[in-house]
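Q: Listed here are the chains, written in short residue letters.
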Amino acid sequence: MPWGRYLRVLAVLAVLGIAVFPLYWMFVTSLTTDRELFTSSPRLFPDFSLTGTYSEALTGPVPRWLLNSFLIAAGTCLVTLALAIPFAYGLSRFRFRGKVALVIGLFVTQMLPESLLVVPLFAIFRTFGLLDSLHGLVLVDTAFVLPIVVFVLKGAIDGIPREIEEAARVDGCRPLGILTRINVPLIAPSLAATAVIAFFSAWNEYVFALTFIFDRGLQPASVGLASFIGELSTPTQTVMAVAVMYTLPAVAFYLIAQRYIVTGMTAGSVKG
Amino acid sequence: MTAIARSKRGQPHPAARGATGRRRSSPTGSSWTPWAFLAPGVLYLLIFQGYPLVEELLLSFSSTSLLNPHDREWVGLDNYRDIFASPDFRQTLSVTLVYTVTCVVGAVGSGLGVALLLNAKFRGRGIARALVAIPWAAPTVAVAVIATWMMNAQYGIVNRALEAVGLGVPSGNILDSADYALPAILATTIWQLFPFCSIVLLAALQAVPKEVKEAASMDGAGHLWTFRVATWPVIKPTVGLLTLLMTIWSIRRFELIWIMTKGGPLGSTETLVIDLYSSAFEHNDLGRAAAIGMVGVCISLAVVLIGQSMALRAEKKGGH
Numbered sequence: 004m005p006w007g008r009y010l011r012v013l014a015v016l017a018v019l020g021i022a023v024f025p026l027y028w029m030f031v032t033s034l035t036t037d038r039e040l041f042t043s044s045p046r047l048f049p050d051f052s053l054t055g056t057y058s059e060a061l062t063g064p065v066p067r068w069l070l071n072s073f074l075i076a077a078g079t080c081l082v083t084l085a086l087a088i089p090f091a092y093g094l095s096r097f098r099f100r101g102k103v104a105l106v107i108g109l110f111v112t113q114m115l116p117e118s119l120l121v122v123p124l125f126a127i128f129r130t131f132g133l134l135d136s137l138h139g140l141v142l143v144d145t146a147f148v149l150p151i152v153v154f155v156l157k158g159a160i161d162g163i164p165r166e167i168e169e170a171a172r173v174d175g176c177r178p179l180g181i182l183t184r185i186n187v188p189l190i191a192p193s194l195a196a197t198a199v200i201a202f203f204s205a206w207n208e209y210v211f212a213l214t215f216i217f218d219r220g221l222q223p224a225s226v227g228l229a230s231f232i233g234e235l236s237t238p239t240q241t242v243m244a245v246a247v248m249y250t251l252p253a254v255a256f257y258l259i260a261q262r263y264i265v266t267g268m269t270a271g272s273v274k275g
Numbered sequence: 005m006t007a008i009a010r011s012k013r014g015q016p017h018p019a020a021r022g023a024t025g026r027r028r029s030s031p032t033g034s035s036w037t038p039w040a041f042l043a044p045g046v047l048y049l050l051i052f053q054g055y056p057l058v059e060e061l062l063l064s065f066s067s068t069s070l071l072n073p074h075d076r077e078w079v080g081l082d083n084y085r086d087i088f089a090s091p092d093f094r095q096t097l098s099v100t101l102v103y104t105v106t107c108v109v110g111a112v113g114s115g116l117g118v119a120l121l122l123n124a125k126f127r128g129r130g131i132a133r134a135l136v137a138i139p140w141a142a143p144t145v146a147v148a149v150i151a152t153w154m155m156n157a158q159y160g161i162v163n164r165a166l167e168a169v170g171l172g173v174p175s176g177n178i179l180d181s182a183d184y185a186l187p188a189i190l191a192t193t194i195w196q197l198f199p200f201c202s203i204v205l206l207a208a209l210q211a212v213p214k215e216v217k218e219a220a221s222m223d224g225a226g227h228l229w230t231f232r233v234a235t236w237p238v239i240k241p242t243v244g245l246l247t248l249l250m251t252i253w254s255i256r257r258f259e260l261i262w263i264m265t266k267g268g269p270l271g272s273t274e275t276l277v278i279d280l281y282s283s284a285f286e287h288n289d290l291g292r293a294a295a296i297g298m299v300g301v302c303i304s305l306a307v308v309l310i311g312q313s314m315a316l317r318a319e320k321k322g323g324h
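Going down the list, the protein sequences come from chains A and R. So the first sequence is numbered by the numbering used here: it starts at 4 and just counts up by one. So the second sequence is numbered by the numbering used here: it starts at 5 and just counts up by one.
Treat the hints as calculated values from the structure; they're not laboratory data. There could be a bad hint or two in this list.
In silico lysine to any residue, SDA-like type, Cα no more than 20 Å apart, as pairs [unchecked claim]:
hint: 1; chain 1: R; residue 1: K240; chain 2: R; residue 2: V109
hint: 2; chain 1: R; residue 1: K125; chain 2: R; residue 2: E215
hint: 3; chain 1: A; residue 1: K102; chain 2: R; residue 2: S35
hint: 4; chain 1: R; residue 1: K266; chain 2: A; residue 2: L235
Facing chain A, from chain R, some residues (calculated, C-beta under 8 Å) [claimed, not checked]:
hint: 5; residue: G45
hint: 6; residue: Q53
hint: 7; residue: E59
hint: 8; residue: A294
Source: prediction; values computed, not measured. Yeah, the Cβ is synthetic: ideal placement off N, Cα and C, and Gly gets one too.
Please model the complete structure; the sequences and the hints are all you need to start from.
A: This is the structure in structure tokens:
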């Protein structure tokens, strides 16, 4: 039935077009001249001779914003994994009182919007002098990504046969050693996936950075990029170039780690 | 959801029982060994999620401003009475409802369609699956910035495209129009959410047994019938879970709307979280903000409880 096949090819292409077009358009716009930007028939392909937009975008505060985003994201990734690995192990391997309550509590955190907790956290941060600091953002960003990372890692540890641990125990391995030497290497793919999730959840974070950072030099790229909207002085091409530089790492890493992320999330928290 | 049900599985291995035959609570060590692993994370979440939540609850019963949050006046249920008496808040609730329902139906529905489309065997399927994930991977702020640019009245590609097909949008920016802003934001949100749904559903579709599908098609069953008999029963729990997740995510969703419209024009895109944030940080009314937030959390909780009990009932029904 060739007609059915053509129809399906068309449908797939349409879906891919819808999925990819806005980001493609962002890239094209970043490489367009002013005149073409404002004509009635816009250019549909990028003009690669205009890469000057990018060097222009990289003057001023943009490199600093990207660096801030990177520092916040890397910090969040490290703190999250340091807390989540033992947490997930404890949940997966032990029976204890209050376990069901703890799991429900973890799930409830998924329902709390950032904007709800931003007010009390603002007060706490002011008391402890954490406003206007990158490590302050690491602390809150960790709190919001930790539960999902714990669920994913717990799913991964659930899948490791206990016999392996038993053997290590017989050989005299202590609980912490069992975790670091036996479990951690075995869940490496899930660790990589959760590291990507934690890194980019902080890379993308906006609400806390918007509210807790006043110093423009300490803003991450999310806040910096959003501040361009409504600001008439910045050329559209520059805004789009910054958007491309901010988006590209996230998309690239998600595409590379996609397989592990999907497996991890479906095994860990979504399916069951 | 199922994560909650799964936690019952943590029974100790028989070998973990003590030499006396006494059942121990953990593979090794005493009953507080698990807490040595759990304590750092639990304490962390208590500080950064638990305590602020309690604070927010207390705030919702008091009157205070951001400038001196310790100077609090207890007002009981006044904040709640005020918000429920205001027509603005009723509009906020209805916008939230429309936004959430449309997002969930749109994202899960189109996600399912795309998953079925990409589940068939064809050349380049792997690439297609990767490309479809792109909107999910893109940072929301970048998405908001691109969408705003694409919907610009004079230069935006959306207006030009609509004009080209003869569907001219009335003059002005789409996002400045009380009629078009919400549909525009909905389209952007669904664009961003459907890939997650289709990726998760694609994973669920792997579990549909081939034999059942083949048997159904050998019986001369049409696509729809095969779907109902072979596919739907397998993916139903996943669809339910996605519906729940998308509901919670839509109620929480802030930055896309904040960046694109800040809740305007005329409150036409003002959801609970937008109202909450602007009450706190633009109108400096922390009590009102907290009360709005608590209403939002209660709605989310109610949705989860209803979803959970529906899932349980379905499980029981399937059990015998």
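Q: For each hint, tell me whether it holds in the structure or not.
A: Structure-based check of all given hints:
1. R:K240 with R:V109: holds, 15 Å
2. R:K125 with R:E215: holds, 16 Å
3. A:K102 with R:S35: Answer holds: K102 (chain A) to S35 (chain R) is near 13 Å, not above 20 Å.
4. R:K266 with A:L235: Distance of about 18 Å is within 20 Å: holds.
5. G45: With a minimum Cβ separation of about 4 Å from chain A (threshold 8 Å), the hint on G45 (chain R) holds.
6. Q53: holds, 5 Å
7. E59: At about 4 Å, which falls below the 8 Å cut-off, the nearest Cβ of chain A leaves the hint on E59 (chain R) intact, so it holds.
8. A294: holds, 7 Å
Hint violations for this structure: none, all hints satisfied.
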